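Asker: Going line by line, the protein sequences match chains G and C. Residue 55 in the numbering used here sits at position 55 of the first sequence, and the numbers go up by one each step. Residue 204 in the numbering used here sits at position 204 of the second sequence, and the numbers go up by one each step.
Read the hints as simulated data drawn from the structure, not as lab findings. Everything numeric in this text was worked out from a predicted model, so none of it was measured.
DSSO-like mimics (lysine-lysine), calculated; alpha carbons at most 27 angstroms apart, straight line:
id	chain 1	residue 1	chain 2	residue 2
1	G	Lys239	C	Lys84
2	C	Lys90	G	Lys239
3	G	Lys233	C	Lys84
4	G	Lys195	C	Lys200
5	G	Lys206	G	Lys179
6	G	Lys199	C	Lys200
Chain G stretches covered by chain C per the calculated footprint, using a threshold of three residues with CB under 8 angstroms from any CB of chain C:
id	segment
7	45 to 51
8	221 to 230
9	235 to 245
Here a beta-carbon is modelled for each residue, glycine too, at the ideal position from N, C-alpha and C.
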Amino acid sequence: MAKIQGVYKIIANQKLSSKFFKLSIEAKSFRGKIQPGQFVHVKINDRLDPFFRRPFCIHRVKRNLEILYEVVGRGTEELSQKKKSEHLNILGPLGNGFTLPSRNIQQVVMIAGGIGVAPFLALTDILRKRKIRLVLLYGGRTKEYVFNMKAFKDNGCQIFISTDDGSYGVKGRVSGLFKKIRLDKSTYFYACGPKPMIKTVQEFSKENNIEGQASLEEIMACGVGTCLGCSIKTRQGYKTVCHDGPVFDLKDIVFEK
Amino acid sequence: MKLSVNIGSVQFKNPVTVASGTFSYIQKYSSIADLKKLGAIIPKTVTLNPREGNPSPRIVETPSGMVNAIGIENAGADCFINGKLKELKKIGAPIIASVSAHTDKDFLVLTEKFNKAGVSALELNLSCPNLKHKTLVAQDKNATYCIVKAVVRKACMPIVAKLTPNVTDISLIAQAAQDAGASAVSLVNTFSAMVIDVNKRRSKLGNVTGGLSGPAIRPIALYMVYQTAQRIKIPIIAMGGITNSSDALEFIMAGATMVAVGTASFVNPQAPRDVLEGIKKYMQKNKIKDIKELIGVMK
Ligand SMILES: Cc1cc2nc3c(=O)[nH]c(=O)nc-3n(C[C@H](O)[C@H](O)[C@H](O)COP(=O)(O)OP(=O)(O)OC[C@H]3O[C@@H](n4cnc5c(N)ncnc54)[C@H](O)[C@@H]3O)c2cc1C
Ligand SMILES: Cc1cc2nc3c(=O)[nH]c(=O)nc-3n(C[C@H](O)[C@H](O)[C@H](O)COP(=O)(O)O)c2cc1C
Ligand code: FES
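Working from the sequences, and respecting the hints, build out all of it.
Answerer: This is the structure:
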């Protein structure tokens, strides 16, 4: 049986920009075992506060397991204080990740809102082996959300950036970048970010007849499909983001008011 | 070392179980060897017909706990009996099924279905609205008495009444369940609660209100178990914030015969196993030969 809970050593916890950090964890057992888009459920400390684990996408697994995260509250703040050689209790890998596009797809467009960019590095680690066009549309709130994307470039991604306030790249929402790409039947979408962004991508893909998948976020308790706390509406009824997702077919997601 | 305990005529090999709605068996993630060691498994409450559950968000984290408003999402009794229950039985631990209904009649139909389902006992989740009395069933002595009595008459297995803590004196409701022939009572279910997002000026739950669980409720749950143990003779299955064996032993010493791990499993999936192993260690260290020596032993 897969042993999914373990205590792992922190190799590095680097600040990448004023908002983003990259955590590297020694987790040999993850090598070769993950599907891009899967996540890990991290206990921030051994105490009762914060009480829940915190879910994070797997950014990349090479030598180490990497997580890209944004400090937004108590848990991520405490995580950002962790030092090399400290340990973390991690549950994972969890959920169903991205399914790879069919062989006739010639262009993959990844649409990321802020920290939603995290799972796409692992995805491009696989897709780079195909001789297809990889495009990353990245939208941040301000230039503070822009970080060094060399790893994506090394994987052959063409990158377009927007910021809400125009302090970097094109001014406006990430959907404003759609006009930068040439769309045709051989294009496939992957989206990860805030719900309103995913909704825009869903509408756009419908209008343009493009298939795709999206990775969703919900507040989670168990992370393994037990508590039914992270359910979302889909065309097939309620599904748990943690166990049935976090990746869903774009068409299947039903947005509640 | 003797760990076995009895609920009615049924013997369970040890006192550790899991609270309804907090356990699910997912092959991909669970080790059967560990789950098999549990005294019993109490799966999520099922209703006669499928229920979709509440709109999201359904959970919110609170200090040392959580508030949930899942809304008993389930696929209905038939689907459960023909599907999930079969999977759960493969684990090898006895099953105490949990059911809920809005009417006496539905409770009886459910009882008949489970009479044939091969479960060790049936837990009635009485934290459900009582259409006649405009309260939850378990907030009303008479409603509790009537439903338990009717179900006991039909049932071929021990009946456990699961009670809500949202009452003035839970021991009086437990007494009504005992008088009606219940083999045990389970307490406590979650405490009515809510959390407001001050920026959005609205509840953090899609359902507005929900139920508090986890370590935050433990001392109150413990008091309720203690209070109930003074009044009734039938066994108590205790739950409310148990995270480790020391927590569980508190409940046993206050008078509980069995203990259930709930919310703690969401943070530590191995919590039920840890509780069991810890109780064994405590017994070894203190030269306790039979778990019964500890039940209600508090001075
Ligand atoms: C499947 C999944 C993958 C994720 N991957 C990443 C990732 O790769 N990198 C990353 O930085 N973040 C990721 N998140 C979001 C991350 O889990 C939250 O930012 C984190 O839990 C916040 O914890 P906190 O204690 O710092 O914030 P809190 O103090 O708990 O809350 C601060 C704010 O964050 C929001 N929040 C809390 N929990 C979640 C949650 N589970 N999902 C979304 N928002 C939340 C709250 O609503 C609140 O507005 C992911 C979430 C999910 C569900
Ligand atoms: C997410 C969640 C779902 C629950 N679902 C049920 C349920 O379906 N039926 C039930 O009788 N109790 C349900 N409960 C209550 C628990 O079984 C238990 O009585 C309560 O949570 C207190 O124990 P704890 O603090 O250890 O979790 C649920 C609790 C939680 C947190
Ligand atoms: S977090 Fe519990 S079901 Fe998804």
